[in-house]
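Undergrad: The residues making up each chain are set out below.
There are 2 protein chains.
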Amino acid sequence: MASGGGSPGAYRHVILAKLKEDVPIEKLQEKLKLFAILPSIIPGMKSFHWGIDESVLLKHKGYTHVFEATFDSMDDISSYYEHPGHLAFANQVSSVVDDYIVVNYKPISITNQE
Amino acid sequence: MASGGGSPGAYRHVILAKLKEDVPIEKLQEKLKLFAILPSIIPGMKSFHWGIDESVLLKHKGYTHVFEATFDSMDDISSYYEHPGHLAFANQVSSVVDDYIVVNYKPISITNQE
Chain D
1 MASGGGSPGA YRHVILAKLK EDVPIEKLQE KLKLFAILPS IIPGMKSFHW
51 GIDESVLLKH KGYTHVFEAT FDSMDDISSY YEHPGHLAFA NQVSSVVDDY
101 IVVNYKPISI TNQE
Chain H
1 MASGGGSPGA YRHVILAKLK EDVPIEKLQE KLKLFAILPS IIPGMKSFHW
51 GIDESVLLKH KGYTHVFEAT FDSMDDISSY YEHPGHLAFA NQVSSVVDDY
101 IVVNYKPISI TNQE
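Residue numbers (the working numbering), protein chains in the order written: chain D, 1 to 114; chain H, 1 to 114.
If you're looking for bench data, these hints aren't it; they were derived computationally from the structure.
Any given hint could be a false lead.
Because identical chains cannot be distinguished in the list, a pair is counted as satisfied if it fits within a single copy or across any two copies.
Straight-line Cα separation of at most 30 Å, DSSO-like style, residue types lysine-lysine; simulated pairs [stated by the list, open to error]: (1) K33 / K59; (2) K33 / K20; (3) K31 / K106; (4) K20 / K61; (5) K18 / K33; (6) K46 / K27; (7) K59 / K46.
All chains, full assembly: derive it from the sequences and hints.
TA: Spelled out as structure tokens, the structure:
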């Protein structure tokens, strides 16, 4: 098992996506309804939210859309990848997403401990 | 003012970074101590946490390190960019970071409303 793969705790699943040029917001929102049901059918999948970059500095490199979910563990993320509900969602969004980056990490808080 | 720039609410500031090849974790952690003090000196800057991608699927495109902070508003993020504390931090991390992506967004929760 990979380091940390089975350890409990809240893991963040972060996706940055470039959409295809001609995708209207309504079409994206329609696809996201498929995602909305996943936390209720996939064990270990918790909150999900998304948003659109509003930066004025434009450091997004074209990855303007963000999707974040929280899972209990890396094992839950692995199970999620293989879940039929996720596969159906991934198949649907492939028609609107041009490219994407995914990172999964366990958040570490920093405190100032001089 | 940009759309949503002045509206209150929790905004997410997400950075995905590629580190330079020879950066030891200890050196990164040393730099992050500079970041840790920012929420205490920058108005509107709330929680901060970070982590390292643990994905087995390797969809990170080299952006293996994630840094996330929460701000009250987009205006607070703009103020943060210009704050001397942030400029000092940015100057320090430039020695360890090879490339990065930044997105700032207001999280939208999705509920299944069939």
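Undergrad: Evaluate each hint against the coordinates.
TA: Here is what the structure says about each hint:
| no. | hint | result |
| --- | --- | --- |
| 1 | K33 / K59 | both (28 Å within a copy, 24 Å between copies) |
| 2 | K33 / K20 | within (19 Å within a copy, 39 Å between copies) |
| 3 | K31 / K106 | both (27 Å within a copy, 19 Å between copies) |
| 4 | K20 / K61 | both (14 Å within a copy, 19 Å between copies) |
| 5 | K18 / K33 | within (19 Å within a copy, 32 Å between copies) |
| 6 | K46 / K27 | within (24 Å within a copy, 33 Å between copies) |
| 7 | K59 / K46 | both (29 Å within a copy, 21 Å between copies) |
Consistency with the previously given hints is maintained throughout, with no hint failing.
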